[in-house]
Amino acid sequence: MLMKRYELIVIGAGPAGLCAAIEAAANGMQVVVYDENSRPGGQLFKQIHKFFGSKEHKAKERGFRIGEKLLDEARELGVEVVLNATVMGVFENKEITVMIEDRVEHIKGNEIIIATGASENMLPFPGWTLPGVIGAGAAQTMMNLHGIKPGNKILMVGSGNVGLVVGFQLIQAGCRLEAIIDASPRVGGYGVHASKLARLGVPFYMSNTVKEAYGEGSVKGVSIVEVDKNWQQVAGSEKTFEVDTICIAVGLSPMSQLAKMTGCIMEDSPAKGGLVPVCNEYGETSIPGIYAAGDVSGIEEASSAMLKGRIAGSAISYNQGYLEENIFKENQAKYRSSLEQLREGMFGHKNKGRTDLLNTEEGFEISLNLLENGFLADVEIAHYPGVVSQERRKQGIVPVIECTQNIPCNPCQDACEKGCIKVGQVITNLPIIDGTAKCTGCGMCVAACSGQAIFLVNEDYAPGYATVGLPYEFRPLPQIGDKGIALDRSGKAVGEAEVISIKSAKALDETAILTIKVSEDLSMKARFFKSSKEVSL
Amino acid sequence: MMRIEEHPILKSFNKGNLVTFEFDGKSLMGYQGEPIAVALKANGVMIHRFTSKHQEPRGVFCAIGRCTDCVMIVDGKPNVRTCVTSLAEGMKVETQYGLTKKE
Chain A
1034 MLMKRYELIV IGAGPAGLCA AIEAAANGMQ VVVYDENSRP GGQLFKQIHK FFGSKEHKAK
1094 ERGFRIGEKL LDEARELGVE VVLNATVMGV FENKEITVMI EDRVEHIKGN EIIIATGASE
1154 NMLPFPGWTL PGVIGAGAAQ TMMNLHGIKP GNKILMVGSG NVGLVVGFQL IQAGCRLEAI
1214 IDASPRVGGY GVHASKLARL GVPFYMSNTV KEAYGEGSVK GVSIVEVDKN WQQVAGSEKT
1274 FEVDTICIAV GLSPMSQLAK MTGCIMEDSP AKGGLVPVCN EYGETSIPGI YAAGDVSGIE
1334 EASSAMLKGR IAGSAISYNQ GYLEENIFKE NQAKYRSSLE QLREGMFGHK NKGRTDLLNT
1394 EEGFEISLNL LENGFLADVE IAHYPGVVSQ ERRKQGIVPV IECTQNIPCN PCQDACEKGC
1454 IKVGQVITNL PIIDGTAKCT GCGMCVAACS GQAIFLVNED YAPGYATVGL PYEFRPLPQI
1514 GDKGIALDRS GKAVGEAEVI SIKSAKALDE TAILTIKVSE DLSMKARFFK SSKEVSL
Chain B
9 MMRIEEHPIL KSFNKGNLVT FEFDGKSLMG YQGEPIAVAL KANGVMIHRF TSKHQEPRGV
69 FCAIGRCTDC VMIVDGKPNV RTCVTSLAEG MKVETQYGLT KKE
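These protein sequence lines are chains A and B, in that order.
The numbering used here numbers the first residue of the first sequence as 1034 and each following residue consecutively.
The numbering used here numbers the first residue of the second sequence as 9 and each following residue consecutively.
Note that these hints are calculated values from the structure, not bench results.
Note that beta-carbon positions come from the ideal geometry of N, C-alpha and C, so glycine has one too.
All clues given are correct.
A short list of chain A residues far from chain B (calculated; beta carbon distances all over 12 Å):
#  : residue
1  : 1039
2  : 1212
3  : 1272
4  : 1354
5  : 1362
6  : 1363
7  : 1371
8  : 1377
9  : 1381
10 : 1410
11 : 1429
12 : 1532
Computed footprint of chain A on chain B; a stretch qualifies when at least three of its residues, placed anywhere within it, have a C-beta under 8 Å from a C-beta of chain A:
#  : region
13 : 15-22
14 : 39-46
15 : 53-60
16 : 71-82
With the rest of the complex left out, here is chain A (with noise of 0.2 Å):
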């Protein structure tokens, strides 16, 4: 029998995987990409929050949409993808042998990308086998693509950039969160991330660990300690909660199985996650003709994913004889630089793990509230330039961005047909408002903010009076003249208010901007609306 033969096999359909492949098609190249899912995406299509970066990051979309986009561009391209389709084997003449359904089939390709991706850490703790202990993926799966809760009552495990966009996910799905803990002393995610929650009222309990998750049968409660400098549990310190659900999300290692398997050389990297092939530029392993594209190779974003799929799509396209040497090198140039700006900032390569910042490249004081509990404090907010003077505020509506950190973000700077908002050309520069510039009050930037860390305030309302908009991503929405209180940036409520108006508009893509009045000694402290009628949030 013949064997198949394919110039670029691809495995794995995740972000990296499927724009490797749909790179290599557009050059005319012929892919086939193998899943072991039935479902292609990988991770994409659990991912509901709008993705951060610029325009060619697709920044501000939703990370599901960003899926089906990829979809349908690998399907118009011709790209074969075999789902249900289990990668058994890579060899080093550049043979695979994939399980579909009962069968194997023994396939050759030209060239290889492996996209594999990466698998959850796990955290053992007595009762962690427990049904109810369950990993943040699988929370993301059930209530995302399946619609179904995970569980009821919720304890978050990891104050990562996971930890803290599932637990959004999960208030938004309609469980109740009881608290997010971390063993590290700081928060590990992005401070707009762990505002979210904050804001609605969930508590951070850093430096804490899980002591042991008790039920008959399943979960129904956990302990939680304190743990000192040296990871040590305190004891007395130990705290209770009664949950249903334990959610672990401590990380994610690079599932390089079968890269290694391929002989090529690997190194165990603590950066990128851990044990990864070695690459060169073009994501190439020490193999010709192999790569290594996505999580695989280092742990990043999906956004990352896709760039570093891209350049190894283009530099196999090139090696093919498909791609002319100046496109090749305008294009390895084009993404290079997009993976840089995603590389840089506080979260980015050269600070990872670094507990030791103060200060924003631009010299502003990084709020150690917000890497503690989640929340920046009242007085720290006037510090940053996403806040205008109070004499601005008094002269009507304007954005407040509580954005602190250097992270790869600019839609905000985008959104604003007034010229507003300045980020600049480095997009981890934190945003600066322009209270000379008239904000009409759109809403385009609250919506526009994948860390919902925009707010329209305005403190020129009525006499005694400030309103705030604010972006509202749960169900039920409230109605207008609905009543209820405020809260602030840590939960707490603060006061009366009433909803005056809600915008909901395709243009915002499912964040809808609440506008609530409030005493106008709080306009700078009420963050969150609670109606009087809810009673679950």
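Place chain B on chain A using the hints.
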């Protein structure tokens, strides 16, 4: 109620027909095509199996077919990963004890 009625971002979920299946002799309802584990969750079932040595309960853990904690006996076949196996009308799902049914 474990099913999400109205989601702020995703709105609703495309589900197949409502079908009947059997869990340890009881008749339950679920949507055709959704993972068996999801239908069980909607019915409040947390325990999928008991380990062979210590008879400890296990349930859904990774939900993507990787960890094999959620395996059950489906239509007589043991070790079926219920988180990635689609529910079908009349399916017979049983709690797994070690590698077999309860003796």
